[in-house]
Amino acid sequence: DAKTTQPNSMESNEEEPVHLPCNHSTISGTDYIHWYRQLPSQGPEYVIHGLTSNVNNRMASLAIAEDRKSSTLILHRATLRDAAVYYCILDRGSSNTGKLIFGQGTTLQVKP
Amino acid sequence: GAVVSQHPSRVICKSGTSVKIECRSLDFQATTMFWYRQFPKQSLMLMATSNEGSKATYEQGVEKDKFLINHASLTLSTLTVTSAHPEDSSFYICSARDHGATNEKLFFGSGTQLSVL
Chain L
176 DAKTTQPNSM ESNEEEPVHL PCNHSTISGT DYIHWYRQLP SQGPEYVIHG LTSNVNNRMA
236 SLAIAEDRKS STLILHRATL RDAAVYYCIL DRGSSNTGKL IFGQGTTLQV KP
Chain C
43 GAVVSQHPSR VICKSGTSVK IECRSLDFQA TTMFWYRQFP KQSLMLMATS NEGSKATYEQ
103 GVEKDKFLIN HASLTLSTLT VTSAHPEDSS FYICSARDHG ATNEKLFFGS GTQLSVL
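Keeping their order, the protein sequence lines are chains L and C. Take any residue in the first sequence, note its place counting from 1, add 175, and you have its number in the numbering used here. Take any residue in the second sequence, note its place counting from 1, add 42, and you have its number in the numbering used here.
Please keep in mind that the hints were generated in silico from the structure rather than gathered at the bench. Since we're looking at a predicted model, the values are computed, not measured. We put the beta carbon where it would ideally sit given N, CA and C, even for glycine. Treat the hints with caution; some may be incorrect.
Stated by the list, open to error - Here are the simulated DSSO-like cross-link-like pairs (lysine-lysine), alpha carbons at most 27 Å apart as the crow flies:
| # | chain 1 | residue 1 | chain 2 | residue 2 |
| --- | --- | --- | --- | --- |
| 1 | C | K83 | L | K274 |
| 2 | C | K106 | C | K83 |
| 3 | L | K286 | L | K178 |
| 4 | L | K244 | L | K286 |
| 5 | C | K147 | C | K97 |
| 6 | C | K108 | C | K97 |
| 7 | C | K97 | C | K62 |
| 8 | L | K274 | C | K147 |
| 9 | C | K62 | L | K178 |
| 10 | C | K147 | L | K244 |
| 11 | L | K244 | C | K106 |
| 12 | L | K274 | C | K97 |
| 13 | C | K56 | C | K108 |
| 14 | C | K83 | C | K147 |
| 15 | C | K108 | C | K62 |
| 16 | C | K147 | L | K178 |
| 17 | C | K62 | L | K274 |
| 18 | L | K274 | L | K178 |
| 19 | C | K56 | L | K274 |
| 20 | C | K83 | C | K97 |
| 21 | L | K286 | C | K97 |
| 22 | C | K83 | C | K108 |
| 23 | C | K62 | C | K106 |
Said to hold, decoys possible - Footprint (simulated), chain L over chain C, 3 or more residues, beta carbon under 8 Å:
| # | segment |
| --- | --- |
| 24 | 54 to 62 |
| 25 | 85 to 91 |
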C-alpha cells in the first residue's frame with residue numbers, strides 16, 4: 176500500500192485559513208486521495224477526496240499537485256470545532272481490497 | 043447520508059470474559075466491513091476485514107481466535123473479544139463502504155471504548 180507523510184501537528188488561529196499538507200510520492204494512477212478527520216473519542220469522519228482535479232465541498236477544499244505526489248487540505252476559516260486529527264489516505268476503493276491504512280495524521284490545534 | 047452504527051459505545055468487563063461489539067450499516071448494504079483498534083495517542087490500526095457470508099481476513103499479528111468476527115448479514119458485523127485481558131483495553135472502531143455511492147467513501151462507527159479490569 177502506498178504511504179502518505181504528514182506533519183505531526185499544526186496550529187492555527189480561529190477564523191484563519193489552514194493548509195494541511197500531505198506527501199504521497201509513491202501514489203499510483205488508480206489511487207484516490209482521501210481525507211478523514213477524527214475528533215477525540217469518536218470514529219473518523221469523511222472530509223473530502225479527489226483523484227486529479229482540485230475539489231471543493233462544504234467542509235473543505237482539496238488541492239492536488241499536478242504530478243499527484245502531494246496534496247493540501249484547505250480549511251478556509253478554522254473554527255474551534257475543527258480541532259482534530261486529520262488523516263490523508265490513499266484509497267484504491269473496492270476495486271482493490273477496499274481497506275484503508277491510516278498513517279499518523281496531523282493533529283490540528285485551533286487557538287481562539 | 044449513510045450511517046454506521048456501533049454498539050456499545052463503552053464497555054467495562056472483567057479479565058477472562060468475552061465482549062461482543064456490533065457494527066451495523068443503517069441505510070446501505072455492506073458486503074465488507076473493517077475493524078480497527080486504536081490505542082491512546084496513536085493512529086487507527088486495521089485488525090481485519092469482515093466479509094459477508096465468508097471468513098474474515100485478518101491482518102498480520104492479529105489473533106483470529108481471540109478476535110472473532112462474524113458477518114452474517116449485509117448490514118451487521120460483530121467483533122467478539124474472547125477471554126479479554128487488560129492489554130485488550132482499547133478503542134475499537136468499525137467501518138463500512140457504501141458501494142452504491144458514487145465515491146465509495148468509507149463510513150465509520152462512533153467507536154467502542156473497551157476497558158478490561
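Taking the hints in turn, this is what the structure says about them:
| no. | hint | verdict |
| --- | --- | --- |
| 1 | C:K83 x L:K274 | holds (22 Å) |
| 2 | C:K106 x C:K83 | holds (25 Å) |
| 3 | L:K286 x L:K178 | violated (30 Å) |
| 4 | L:K244 x L:K286 | violated (30 Å) |
| 5 | C:K147 x C:K97 | holds (23 Å) |
| 6 | C:K108 x C:K97 | holds (14 Å) |
| 7 | C:K97 x C:K62 | holds (17 Å) |
| 8 | L:K274 x C:K147 | holds (11 Å) |
| 9 | C:K62 x L:K178 | violated (32 Å) |
| 10 | C:K147 x L:K244 | holds (21 Å) |
| 11 | L:K244 x C:K106 | violated (36 Å) |
| 12 | L:K274 x C:K97 | holds (16 Å) |
| 13 | C:K56 x C:K108 | holds (16 Å) |
| 14 | C:K83 x C:K147 | holds (25 Å) |
| 15 | C:K108 x C:K62 | holds (12 Å) |
| 16 | C:K147 x L:K178 | holds (19 Å) |
| 17 | C:K62 x L:K274 | holds (22 Å) |
| 18 | L:K274 x L:K178 | holds (14 Å) |
| 19 | C:K56 x L:K274 | violated (32 Å) |
| 20 | C:K83 x C:K97 | violated (31 Å) |
| 21 | L:K286 x C:K97 | violated (47 Å) |
| 22 | C:K83 x C:K108 | holds (24 Å) |
| 23 | C:K62 x C:K106 | holds (14 Å) |
| 24 | 54 to 62 | violated (count 0) |
| 25 | 85 to 91 | holds (count 5) |
The structure fails hints 3, 4, 9, 11, 19, 20, 21 and 24 (numbered hints given earlier, in ascending order).
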